[in-house]
Structures are given as structure tokens and as C-alpha cells.
Amino acid sequence: MSHAKYNVINTHVHNIDGVAKVTGRATYTFDVKLPGMLYGKILRSPHAHAKIKNIDTSAAMALPGVKIVVTGKDTLGVKQGIWRRYEELCDEQVLPLEKVRYIGEPVAAVAAITEEIAEAALDLIEVDYEVLPAVYEPLEAIKKEAPTIHEGVERNVNVTRHIEWGDVDEAFEEADYIREDWFKCSGQAHMCMETRAAVSSFTPDGKLTCWASTQSAYYTQGLLAGVLGLREGDVRVLAPYVGGGFGGKFELDAAMFTSAVMSMKLFKPVKVCFTREEDFIASKRRTPMFYYVRTGIKKDGTFCARESRMFSNGGAYTGMGATALYLSGFFHSFPYKWRGYRYDGYRVYTNTLPSTSMRGFGAPQAMFCSEQQIDWICADLGLDPFEVRRKNGHTEGYEVPGQAFIQSCGLEQCINEIEKWVKSKGKLPANRGIGISSCGFMSGGIFNWFDSPYSFSSAVVTINVDGTVELHVGCQDIGQGSNTTMAIIAAETLGVKVEDIRVHSGDTAHCPADLGAWGSRQTLMAGNAVKMACEDAKKQLLEFAYAEMGINIVYDLDIKDRWAHIVARPERGLPYVDLVKKALRAKDGQRIMGRGYYTPHRKGMISPAYSYMMQAVDAEIDPETGKIKIHEVMTAHDCGQPINQLGLIGQLEGAASMALGYAYLEDMPMEDGKLMNPNLVDYKVIKAPEMPEAGIIEIDTFEPEGPYGAKEAGEGLTNPTAAALGNAIYNAMGIQMKELPITPERVLKALREKKEQEAQK
Amino acid sequence: MEKQVLRFKVNGDEYEVFIHPKTLLVEVIRDHLGLTGTKRGCETVSCGACTVNINGASVKSCSVLAVQCEGLEVTTVEGLEKDGKLSPIQRSFLDHGSFQCGFCTPGMLMSATAFISEAKNPTKDQIKESIEGNICRCTGYNSIVRAIEAVTAGKYKEE
Amino acid sequence: MINDFHYLKPASLKEALAMYAEHDDCKVICGGQSLLIVMRQGMVAPEYLLDIKHVKELSYIKFDEKDGLRIGATTTHREIEKSDIIAKKYPVLVAMEEKLASIQTRNWGTIGGNLAHADPAGDPGPVLIALNAEIKFGNSGGEKLVPLDEFFVDYFETQMEQGDLVLEVHVPAPEPKFGCAYQKFNLLDSDMGIVAAAASVTLNADGTCKDIRIVLGNAGPIPLRVTKAEDLLKGKKLDDALFAEAGTIASEECMPVADIHASEEHRRHVLGVLTKRMLKKAFEQAQTAA
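Protein chains in written order, with our numbering: chain A, 1 to 761; chain B, 1 to 159; chain C, 1 to 290.
Next comes chain A alone, as it looks inside the complex:
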């Protein structure tokens, strides 16, 4: 089933939050100002690993304008974590009692009448630390003699994951050629334009209202309620506009919990916003990973076996690290059929900034290793990199043994399109190359480690007498445009226009629960809920219309473009607005309401559906300085049915900019656990002059699991780029880049080593 033509879906629709955003009307948590509001600041640990002997807050409390200082004594050692179902992984104390485990860990918080006074008060808090030996690298922390970071956790191994299918050893026996490589993948900062921010207001009726820059108002609500001992229903989380998330904003962060704790004590609103420096040093980052990859292949290019071991730098706490550990290992097999596959992942605690989910969720790292090694194997054996990928690629109906069932799969078409595009470029000048990488990604996970009793996504639609529609969803718009995507699905399903729909989101008091914007789940899961709710409402309208119109039983009715009509005879019908008026009167004045929900059941171990893509990066290297210039990025992409046209282009280009940053610009170097570049001068984010053209070729598939055949688009697109750039450099210069980011210095070093090796031959 091809990309059908729709009235609203996949047409040029303005983002429904656009006017608010381009006129400065959109109010973010960063902008919230309430009467009597106090300003909170956080005191952070200067040590990577230390016992807290004593905290003296008296001088700070005495500073005029300071209203409260809180420490672990006020939060009673309560622990929290996003993996709510697994107590041992809820390892982060909401303000530590006994010890600190990374530089930047919140230790105390102050609320004062001005930001300046709050900051001055921080200097007056005296913390007595007993510094402990610290360890910063996972391969060091896993040694027997390493200091123990969490009591009772042996060898600092936080979580392990094992994925296996087939007889791996036998599959290696079948291989004609085996190659093994080590890779080192860096961390990355989410670097949202809006730093972590929260405004909490606890009132004398025992209720908490919290504005939060969050990817999931529901998770924030649940986590806050949990640590504060409140009922979830007595906590209201508001997130009308969020300045970016990228995977870093759906856990309970210090802005949320310190503002809430202080507000509970003072019964006054308290605002806590991270500075950019705090955002760098104390909001969790993408997981740095050491990957060992061993691959066996037949000389005709058939993949036999892969065995990989991965050690990740978990930092001081679990965060979303357990999921990243699993997904990295799973997508490391993507998008190919392996006779035997084995992955062992070890997430190791260290005394550094905790790592967590970030767009791609472990897959960019996994692809950097897998896709480069595949190209090197092709070079070793004289095989064509396109042909090898086509030969082994996933196909429709394939089952990743014990893990996933692939329904729609446009991988082969993606490979064909990119192959055509690369060939059309012809011979490139010296020091310039095009590299490719293919991958796939999940459209939402089946996991419920949060232990939510609710459907993963829900929607409620209400039709007003004038035909306008209230759509209540729990999915969170963090910039990716989910409000617009849901409005598009609603408008298409109901047969109205996008401007008829008002989307309500980002308010737990008015919206149904939804797991939120992570794991690329919302288009598929919330989209399905919205479609179901609108079909429910439309059915009620049409039931009335059938009776009202008194037509022959063989005819069907539908609504399109605000016109309720007989499908076979579209000229016969009545205006949608008239139908609504009559239907409402027939219901004794009750508005038509529809409900929808979606939870994946029996959809394998990962996801109900997978996107696929192949990306090519055209890059040029200055052979004398090592400087990298990206000329162009081209992606052939299968996201099933595109829903939000402008949104999709934005996601592709945005993902490319972030993924390019990961590949060659962004780094988080640490010295003894201290981040060396916690600012935007030294942390290099791609800017407009460096951003290349990033074209997209959409491949036509239909995903049965998704609304109108849609799958994810936007997170998967961050996965291939680092690998594609590495392969471009390999094609241009013949050097293998095994470490991220790919810097000029590393390029020159590799060129020198290559020259020396050739001289020796």
C-alpha cells in the first residue's frame, strides 16, 4: 500500500504552535513568573567521590533574603529513579545524605527573594567532605581494586544485558573471514536551548503545581509524587512549551525536585533554572561506550556471526542507562540478518556525570562500530558495500529471533536510492569521499519499567456545537511537532481541517496519561490513540447521520473536508457543522466525545514497528590540517506514511545537525571527573555556516501497526551519521577512525600511522 493521497496527512500544514512561537507569546518554564515567587539555586559537589560529614547551613540561612536551605536531611535519603519497578536501579538520592558520587551532584539548595541573593548564599553553605578515591573510566572501575561507588554493587557493574540468538560459535565456524575491532564512542550533551528548569508551587490545600521543562509531564508527576509522598492526583505538572529535550528531560532532575521540596516547606512558588554551565555538568549525557566487535562473514558477503561486548561509562547513577544498554546491543545487529548474534553489555558505574538516554539511545554508537567495520570487511574482501548490505538486510516479514517481528521494511529501496545517488556523483576529487551507513530504529518501546498502570497513550476528543474540536492528549510537544501531528491525524480521521482542532497537552490536570516524548513513540502510539478516539467520535456522528439521512443500508457514510456524505455518492450529504448540531441535540445537549488508547501487546521485545534508512555523507579532508568539511548529507528514509510534512523535514535536518555534531564536533573531555568544557565557547555545536544540505528521499511503505501506516521519524535519523562520516573518510583517505569524535588531530594521526605502515611494507 503506497503513500496514499490524503486531505490533511502529508500535506503542507503550518505548525499549530507556530504563531505563538514566532511572536514571542510562547511561555516556557524559563519564563514563568508567579506572585511571591522565590529563586532557587543549587550547591553542587566539587568532588568526584566523597563522604558528606556535615553540612552547616546557618550562615546561609542568616543572609537577609534567604528563606530556606535544604539538604539531604530534609529529603530523608529518599531515592528515586526512572526505572521505578526495579528498586535497586532507583539509586539516586533526592539530595544525598551520606556521600556524593560525581562533580556537580546537587548537595543543597537555597531559595531566596532574588537570584543574586540565592547565589551569594551558596558560598555561605559549609560542607565538610571526606574525599574518597575515585574512578572515572569503566574499564578501570570494573577492576577488583577499584573503589566501590555504590555499596553492595560488585565491581561497580550497574546493569548487564545479554542478547543472543542462533548458534554463534557454529556460525563463526561457517565464516570464511573474521574481523575484530575495538571502538571508543564519546558522550554528548543534549544541549537543549532551554536549560533544565522548574517552577514549583505548593499550596496550603496540600497540592503541588509544577511547571517543568519536561518530555513527559506524566513521568514528572509520578516521580515527584513518589519522592514527596503525595498522591499523583495532588500533583499537577504543566509543560505548555518545552525548549528541547532530546532524551534528557524525562527523568526527575534537580530543578524539579529542589524547587518542589523548597516550595513544600515554604508554601511559596520557587523557581530553579540551571545555568548553561550547570546544564553541562549536571544533567545526564549520552553514554560513552567501549565496543568490541567481532564479525564473521562468508566470502560471498553473507553475514554469519557477530559477537560484541560493550562497556559503557554509566557515570554515578542509573538514569535511563539500562535501556540504552539494551537498545545499543539490539540496534547493533540492525538492520541485518545474522545467523548467530551475541551481545554482552556492561554498564559500569564511575565517578562522573551519569549517562542516560539521548536521541538514538545507544544506536548511534552501535552503528559507528558496526557500519564502519562492515565497510572495512568489504574492502578486505573486495566486496561491494551496497550489495553486501542489500544481501543481508532485513525484509518484510523477517523475525529477529526472539526479539522483533518486522512488518513494513523499505530498507532495500533505501539502499537502491542511495546507491543511485552516490553513483551519480561520479569520481570525486582527491581527499574527498562519500560514506554510507544504513540502520533502523524503534517506533516506541514495549517496556514499562516505570510500572505505569495506564495505557501507554490515550486521547480524548470532544466535538463542540460549532464543529470545533478539543483534542486532549498526554503526548508532549518538545519541538518535534507532536501537537501538530496529532491535530493532523485528528483532522484527517474526523474529516475536518487542522484549524478546527485545538490540542490540549502538557497538563496532567487536563490531559490523559501518556508515557511522553522518548523512544520515538509518539507518532505511532499517541497517533493510534488519537485515531481511535476520533474514529469513536466520528462513528457516533455517523450513526446519527445514518438515521437522519435514512439512506439505503448498502451505502457507507464518511466525513471529508467538513462534509458528511455518502462515500459512493459524495454529492449527497450535509455539512459537518450541521450534523454536529443535530447530533448534539439528539444527545440531550451532550457534546460528542470519543476515547482512544494504545498499549503495545505481544510486539516482541523492543517495538511494534521499525523505521529504516540509508544515509550518505559527502566529506572532504584537508590532508595537512585534518580539518573536516561536510559537503552534503543525503538520506533515503522509510518512516511508513509521513504524517507531518514540515515536521518530517525538520526532524531529518535537525537530526543530521545533531548527529554531525556527535561525529566530528562535540566532545565532553573530563579530567579527574571534571568536565573541561562546560560552556558554549568550548563545547562545539554546529552552526549555520557548517550545516550542509541534507536531502531526503522518502521511501513508500505502509506500517500496519502505525496510524495510517506511520512509523517514527527523527530519532532513527541520528543513528547513521557518525558511521557514514567515518566511511567517507575511509573512502577518501584510507584511514580507519575508531574513536569519536573524529577530530582533525585524530585524522592526522591516522594519516601519519598509515604512511608509516606503508613505508614499512
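Check the hints yourself; a few may be wrong.
Calculated pairs, BS3-like style, for lysine-lysine (alpha carbon to alpha carbon, straight line, at most 27 Å) [unchecked claim]: (1) C:Lys281 x A:Lys627; (2) A:Lys33 x B:Lys9; (3) A:Lys391 x A:Lys423; (4) C:Lys9 x B:Lys124; (5) A:Lys73 x A:Lys143; (6) C:Lys88 x B:Lys120; (7) B:Lys9 x C:Lys9; (8) A:Lys33 x B:Lys22; (9) C:Lys236 x C:Lys281; (10) A:Lys684 x B:Lys124; (11) C:Lys99 x A:Lys627; (12) A:Lys337 x A:Lys184; (13) C:Lys9 x B:Lys22; (14) B:Lys3 x C:Lys27; (15) A:Lys627 x A:Lys427; (16) C:Lys177 x C:Lys66; (17) C:Lys177 x C:Lys82; (18) B:Lys3 x C:Lys14; (19) A:Lys73 x A:Lys207; (20) C:Lys62 x B:Lys120; (21) B:Lys124 x C:Lys281; (22) A:Lys497 x B:Lys85; (23) B:Lys22 x C:Lys14; (24) C:Lys281 x A:Lys629; (25) C:Lys9 x B:Lys3; (26) B:Lys120 x B:Lys82; (27) A:Lys497 x A:Lys627; (28) A:Lys391 x A:Lys427; (29) B:Lys3 x C:Lys56; (30) A:Lys539 x A:Lys497; (31) C:Lys99 x A:Lys684; (32) B:Lys120 x B:Lys155; (33) A:Lys425 x B:Lys124; (34) A:Lys67 x B:Lys120; (35) A:Lys67 x B:Lys22; (36) C:Lys82 x B:Lys120; (37) A:Lys627 x B:Lys124; (38) A:Lys738 x A:Lys627.
Simulated from the structure, these hints should not be mistaken for lab results. Nothing here was measured: the structure is a model prediction, and the numbers come from that model.
Start from chain A and add chains B and C according to the hints.
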């Protein structure tokens, strides 16, 4: 250490505020005048989210002492629309989807507005340079460049 | 957080110099694009702040065929970037300004402020030294004129003493058969250079090298002239081999400091490459110059 009076125009209106001379322009705009369209995203004059126009030129308002604007005209994102009619660049942003989370957008619009007012048939590279001082983490910039290009090519007229 | 300071706003240059002389713990602000950052970090906390932003007398760009170019200290980077006469006579200055920070910074920040800040990674310093510039500064008691390469003394330190104000930059009229080129090495185009190199070449009528200047940026505490390489090339018929040799000397003579962006070895290596390339570019410009 003494506060003093600052008289200047913001979005065409005369304002008088009583401030410490160390107050930054962005603080006056956001905290004293309540115009929160202009954002802040860093402490090192790097991100551009605070960009406003001073006498038509784009400036990062986090890096200007408000008192230096005595007698000058400041324009913020709130000043781009006229009686509910959006400016050409705002309309172009809507058409091209040149924003996602929207946090960088006010600053981006101000840089674009200043550039458009002085640029004659700019090249794509010149357009990219015009927003070099504004970081966007969401869009990858190309849709913003397309929006500016459309305006400089004359595709949008003042309403 | 910025400290509480007394704010001084002179109406004229004379008043500015008088006010400045009156207060010892006083800093000058104009564009503030460098100063405000360090004040916000608490690294600089003067009791008095003297604002010369609106002292019009110091804002000018004048060119004379014999005398050359004179730029007033409070001229903004953007004014230099957009100056038709500078584009015509000293295109390397415009090219340098186009890549200096961002438009917003250039709209408000000034050349005088930039030079007074004396950041060895700053762009104007090496280029102006390669152009043989002089700088005029003074206080309420008088003025001084020094070659720009003597003006910088150490990291963020110039010859100026308390009470001194940068007044003017003077670039001599370009000679016939003159070329000047500048390039910085960075990851992002408008970042300050990890390292940088400026080179200027003046040729004799017979095509041999009459004068040469090689100035390195962010290669030591001040913009560094590689006189050893200059001496090697002066008087000679220039070719690629000499440029390469000059590059090697530059990579040996420089004193770059490693940080997270690049090691010392990489900086030395790139400085050598940039020197070689800028010499060639300046030479080619000089050859085709009228």
C-alpha cells in the same frame, strides 16, 4: 551603586526604568518590562537566544549594559508584528517550518530581521553567516535559511 | 555576577580622560563584548566603570592615499567590515572582520576594545601587525604612538597603564606590489583560532622580497612575529620551498599552549601549514597587485 533612570524606546514605546547600571539589557527587557519573548541560553555570549535589534542592528542583549541604550530604539520579537499582522519573516518562518522547540526563534527572527533590512540579493552563504551567532539545536538551520532566502527574494510583501 | 560599580558617562573624549585620571580603580567599557564576560564571571570587579560608547570623536574611518588608514578606537567591527574604502585598500581587514565572532558582536564591539583586551587569539592583532600598523593611546596628560607589535606585552596585557585609553589605529598606505593574507584554524568558522597566521609580502620591482611579516595568532602570550623566518625570506626570490621552510621555522619558534581543543604538537604543525599557505597567498596577491 546608585540606581539611575534609563529612558529608551522598546518596540516603538517610550519606557522609563529605574535600574542599577550593572543591569544587562536582557534583564531590563525580560524582568523589568516583562517581555519574555527574548530568551537566555548561556552565560558566555555564545547562543544568541537573547538577540534584539538596537537602532536596527542585531545585538546580543546579554552583552550590553542597559544604560548604554539611553535614547536608543530597541526592537524585540514582540515588536515585529503590527496590529496582529505578522512581519514577512515571521510569515516565512511559518510557511517553511523554521522552528521546532522555538526557544532560539525570537533571537533568530531578530538576526534575520536586521539582515533582511540591509541585505541586497544575498547569497546562501551570506544568509548562513547572518545567523552564525544564533545556535539552534532543533532545526539544523536549513529551514531558517530557506525562510530568509524567500523574504530576500521578494516572495513576501509587508501586509 | 557583576559587581556594583559607579557608572561614569563622559560626553567627550576630554571629559573621559579627565574622569579616567580621577579614579584608580576604574575600567573602561565601550562595546563590552570582552569586558562584560569577565565581569559576569567575577574576574574583574572595578569600583568605577567609564562608558565611552557614545564618545563620537573616537568613531571614524579615514583614508588618505599618502597617510593611509586611520580608525578611531570606538569604531565597531561591523563598521570596519562594511567600509567600502577598507574593502578596496585593505581587503584582508574586511575578510578578517567577516569571520570575527558573530554579527551581533561586531555590531556593538569595537576595534579599540578588542586591541586593549589583548587576547593572543584575537583576530585583529596579527592582521594589523602584518599590515605594519601603529596604535595611538593616551591619557589626560598626553598621547603615545607605538608599533602595534610592541603594544602587546603579555596575555591580556598591553603597554597601557591605568588612565590610558586606546585612541586610534593607523595603518600605513599600502605599497605597490603588496599582499596580505590571514587564516585561522578552528572547528567552527567564526570561532577564535585554535591557532592562526597572518603574512604580508612586499615585492621589489624585480619580484624579490622587499619586506615580509609573519605573525602568528594564539601561538604565545602575544601575537608572535616569526622574525627568524622573515629574515630568511627577505631579499630572496620567493618560492614554495621557501614558504615551506618558513612554515617549519614558524612551527619551531612558536610557543602554543595545549588545551582540550588541540595538543601542542598539533598546534605547531598547523601553524607551520598556515604560515606556508598565507605566505603563498600574500605573495600571489603581491604579484598581481597594481
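Results for each hint:
1. C:Lys281 x A:Lys627: holds (19 Å)
2. A:Lys33 x B:Lys9: holds (24 Å)
3. A:Lys391 x A:Lys423: holds (19 Å)
4. C:Lys9 x B:Lys124: violated (41 Å)
5. A:Lys73 x A:Lys143: Outside the cut-off at roughly 33 Å; violated.
6. C:Lys88 x B:Lys120: It holds: about 19 Å lies between the C-alpha atoms, which stays within 27 Å.
7. B:Lys9 x C:Lys9: holds (20 Å)
8. A:Lys33 x B:Lys22: holds (22 Å)
9. C:Lys236 x C:Lys281: holds (17 Å)
10. A:Lys684 x B:Lys124: The given pair, whose Cα atoms are some 23 Å apart, holds under the 27 Å limit.
11. C:Lys99 x A:Lys627: Status holds; Cα separation ~17 Å.
12. A:Lys337 x A:Lys184: Distance ~25 Å between Lys337 (chain A) and Lys184 (chain A) Cα, so the pair holds.
13. C:Lys9 x B:Lys22: holds (13 Å)
14. B:Lys3 x C:Lys27: holds (19 Å)
15. A:Lys627 x A:Lys427: Satisfied, since the Cα-Cα distance of roughly 21 Å is no more than 27 Å.
16. C:Lys177 x C:Lys66: Status holds; Cα separation ~16 Å.
17. C:Lys177 x C:Lys82: Given that 27 Å is the threshold and the Cα spacing comes to 25 Å, the pair holds.
18. B:Lys3 x C:Lys14: holds (26 Å)
19. A:Lys73 x A:Lys207: holds (22 Å)
20. C:Lys62 x B:Lys120: Given pair Lys62 (chain C), Lys120 (chain B) holds - Cα atoms ~26 Å apart, limit 27 Å.
21. B:Lys124 x C:Lys281: With a Cα-Cα distance of about 26 Å, the restraint between Lys124 (chain B) and Lys281 (chain C) holds, given a limit of 27 Å.
22. A:Lys497 x B:Lys85: holds (22 Å)
23. B:Lys22 x C:Lys14: Holds. Lys22 (chain B) to Lys14 (chain C) sits at ~24 Å (cutoff 27 Å).
24. C:Lys281 x A:Lys629: holds (21 Å)
25. C:Lys9 x B:Lys3: holds (14 Å)
26. B:Lys120 x B:Lys82: It holds: about 24 Å lies between the C-alpha atoms, which stays within 27 Å.
27. A:Lys497 x A:Lys627: violated (50 Å)
28. A:Lys391 x A:Lys427: Holds: Lys391 (chain A) and Lys427 (chain A) sit about 25 Å apart, inside 27 Å.
29. B:Lys3 x C:Lys56: OK: Lys3 (chain B) and Lys56 (chain C) at ~25 Å, within 27 Å.
30. A:Lys539 x A:Lys497: holds (18 Å)
31. C:Lys99 x A:Lys684: Measuring from Cα to Cα gives roughly 16 Å; hence the hint holds.
32. B:Lys120 x B:Lys155: Cα-Cα ~14 Å, so holds.
33. A:Lys425 x B:Lys124: holds (22 Å)
34. A:Lys67 x B:Lys120: Distance of about 56 Å is beyond 27 Å: violated.
35. A:Lys67 x B:Lys22: Cα-Cα ~25 Å, so holds.
36. C:Lys82 x B:Lys120: With Cα atoms ~13 Å apart, Lys82 (chain C) and Lys120 (chain B) stay inside 27 Å; holds.
37. A:Lys627 x B:Lys124: Judged against 27 Å, a Cα distance of about 22 Å means the pair holds.
38. A:Lys738 x A:Lys627: holds (17 Å)
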